[in-house]
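Student: Given the structure of chain A, go ahead and fit chain B onto it with the hints provided.
Respectively, the protein sequence lines represent chains A and B. Just so we're aligned: the first sequence equals residues 1 to 763 in the numbering used here. Just so we're aligned: the second sequence equals residues 764 to 914 in the numbering used here.
There may be inaccurate statements among the hints.
Derived coverage of chain B by chain A (criterion: at least 3 residues anywhere in the stretch with Cβ under 8 Å from a Cβ of chain A; other residues may be distant) [to be verified]: (1) 790-796; (2) 802-815; (3) 820-833; (4) 836-847; (5) 850-860; (6) 879-892.
To give an idea of the interface, some chain A residues facing chain B are shown, with a C-beta separation under 7 Å as derived from the structure [unchecked claim]: (7) V650; (8) L681; (9) N722; (10) I723.
Calculated from the structure, these hints are not laboratory results. Positions of the beta carbon are idealized from the N, C-alpha and C atoms, including for glycine.
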Amino acid sequence: MTLLVLLLIGFAAAPLAPLVVRVSRRGSGLVLGLVPLGLTVGLATLVPAALSDTPPGIHVPWVPELGIALTLRADGLSMLMALLITGLGTLIVVYAGDYLKEHPRLGGFQGWLLLFMASMLGLVLADNTLFFFVCWELTTLSSFFLVGFQSEEEEAREAALRALLVTFLGGQALLLGLLLMGWRGGTSTLSELHAAGPALREGPLALPLLLLVLGGAFTKSAQVPFHFWLPGAMAAPTPASAYLHAATMVKAGIYLLARLSPVLGGTPVWRGTLVAVGLVTMVGGALLSFGHTDMKRVLAYATVSVLGTLVLLLGLGTAEAAQAMVAYLAAHAFYKGALFLMAGAVDHETGTRELPRLGGLWKVLPFTGTAAGLAALSMAGVIPLFGFIGKELIYEASLHTPGGWGLALGVAVGFVLLVGTALRVGVRPFLGERRELEHAVHEAGPALWGPALLLAAGGLVLGLVPGWIEPLLAGAARSIAGPEAGHLKLALWHGLTPALGLSAASLALGAAAFALRDPLRHTLVALRLGHWGPERLYALSLSGLKRLADVQTRVLQSGSLHRYLSVTVLALVGLLALPIVFRLGLPERAPGDLRVHEAVVLVLMGVTALVAVRTKSVLTALMVLGVLGLGEAMVYVLLGAPDLALTQVVVQTLTVILFALVFSRFPVRPHGGRSHLRDALLSLAAGGLISWALLHTTTQPRHTRLAEAYTALSPTEAHGLNIVNVILVDFRALDTLGEVTVLATASLGVVLLFRTRRQRRRV
Amino acid sequence: MNPVVLRTVARMMTPVLLLLSLVLLVRGHNAPGGGFVGGLMTASALILYLIAYDVETVRRLVRVSPVALLALGLLVSLGSGLLPMAQGRPFLTGLWTQVPAPWGHRVKLGTPLLFDLGVYLVVVGATLGFILAIEEGEEVESEEDHERGEA
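If we strip away everything but chain A, and leave its shape as in the complex, we get (with noise of 0.2 Å):
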């Protein structure tokens, strides 16, 4: 129950900010702090549980028919998430509060960031298939809102439309290889699926539903060649990309690979595959990271690499693979996140985060500069930080592989360019000489560095007490790797061995890369890497698109209604004629006998129709086609509909006199002569076609049970006498919510038109 409990408070406090901000703005990040901070606490009372054989977890039906459920699970691996997204959250929500306190929309952007804690928190506690899949959806919208939060900058606006194409259709895919998960394996609770696991793993639909699940897990953690939109959605302010990109959303890819490696992995296909777009990932993030000079840029290539590592990692599929994979996303959590705030607060201090440009920051900003050095060492994975106990485990786990010598070669290649890139950003900038800025720089508030200095002394922390997220750290990887990779002991020192040479080579390595950073960034830049890479592809269909939707505007939104009615008439009798005429034939027997009045209806109907087509004058047509509607509405009385009557008399009244305003008011151009025979072959086509339809229902026997069945529930069940509004308010009051919802909708849309139409002409 506490699990539900602290979710629904995290969705609860999201549109409650934007209230908060307006009631005291400047307090308002620290209020607002205590609800992530809360749920840190509550999740931290769970933690016991978690780690026990019986994780807690509710369950609460939802659609049962469909087996969708609420449920919720808390185990290792979902608690150090839930536990690092909190943690994080609660930092970032303060900095933000600070970061951002002179911006108007300040509240909007903290009810985003809430959403989307709580989304990805969902996300990790999700037991049932489906409603991961709700919450990892709620993280891609709320996170488009983050990076386009800057909306009136082009950039912003391209870079968060870019993020939501890229991982909306890996989402996509997401969803299909989670159908077609819950459809083989019988089940779609996450927990359950393990026992379906051979299942799923071999049959002809294996390698499908692979692909599908990885690739929605590989959109949204960055992989190659999916990376490029990470570092575009730069553009959000930085706390969003300090919580978004470095901590949470990109690690929810990370998490469900994670999750579903009990299930799925252990495969060629899935070791081969992971193992190598990891790598890829891992060195080609890197470099890239090397080619920018950007600090956010650079630390986001960087946090590409991570990711790579760590798919690489799940890859792996050993205990050990699974032990290096939860610490080094623990110490990754810490570094980058302090990195990132660091960078915010250098941008708001100095007014620029081009790395050429700044020196000597240690001076007048040592609290950021604390804060970046501790978090560099860790990144540089330097003893005695967490990020050293991190990177041990990995080229332990490499080194004890088959082939291990040359995976862990690789790997090494990628951590001496990470060490390159951890000293560019995070300490070259405070050492050595001032360097020209425009205007004084001076430590902010204790809101803006206090986040980061947290952070990177966690880094310090853990690193010298690795004991306190052991126990932790052990639960997470035996949720992936099976019990064997609870046995988890993290030391600093563990002996003379291969990886320690390896640690040490790739240290003086990564050194000797800083030293030649110019020369190496040249290079990178004049390959244009990113130029010919998927993110050109990225932007060739993206146009292509735009001129697909510009033909198809032109021929169907050409702004003639007569073509309009054409085009949508002409559909409904291209699609229901050939059912219609040849599967119900001629109708059996002729209808019932005519009686006087009822034929008298009729003629008259007929004659205004023909009235209506006839006069050359528009105002004389609307009257007409007005009584013809009201014939309408005496046909229904005649028949016994009362109801139908009624509202045929009150639309046909209101239709007649919204067309005589729209006339009035709209130049009306009458159409040609040649036209006028198309008309009347397609009214003729449409109206016969529906008298065919009628014929046939009226003189068939009818299908009475539903009828019998609504006229005998009416009374009892819905206490009501009336059964055309029993059904539309009871049986199928879900549809009639629909469609006031569709006509609420189209109100909206003709009232926003006609405003900025206005508008436009008052300019």
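Tutor: What follows is chain B alone, placed relative to chain A:
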């Protein structure tokens, strides 16, 4: 047509029509009527007023913007569906209760009536939204023509 005649008729008819539309709404569950027709009837009454007078008068009469009516209507309908969920029943389950009324009658009240009220509000909001938007678009244009003519 002489606007005086039209205005007199509108002033007399509109309250009657509004009352009638409410009757239609309330009795809809057992007899011809309901939220949809009731809403259209209310809209017609207001449009009669609009034709006799002008947009401003109608706006003053209604006080709430059509968009607010739309939102309120959707919320009422949605709320009537959520209400049974608080009792652990499925979304949109009808809940009924009997309320004592004068002269010894008992009146049945239920969430479907509330749902219908939401439909009614949406229909009024949508129809008014259409018509006021068209009318106002026109008024600004003629104002502009007027200004241009003077300049």
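Student: Run every hint past the structure and note whether it holds.
Tutor: Going through the hints against the structure:
1. 790-796: holds (count 6)
2. 802-815: It holds, with 6 qualifying residues against the three required.
3. 820-833: The restraint on the region 820-833 of chain B holds, since 3 of its residues have a Cβ under 8 Å from chain A and three suffice.
4. 836-847: holds (count 5)
5. 850-860: It holds: at least three residues are needed, and the region 850-860 of chain B offers 4 whose Cβ sits within less than 8 Å of chain A.
6. 879-892: holds (count 9)
7. V650: Holds. Min distance 4 Å.
8. L681: violated, 32 Å
9. N722: This hint holds: N722(A) lies near chain B, its Cβ roughly 5 Å from the closest one there, short of 7 Å.
10. I723: violated, 10 Å
Violated hints, listed in ascending order, are 8 and 10; each of the other numbered hints is respected by the structure.
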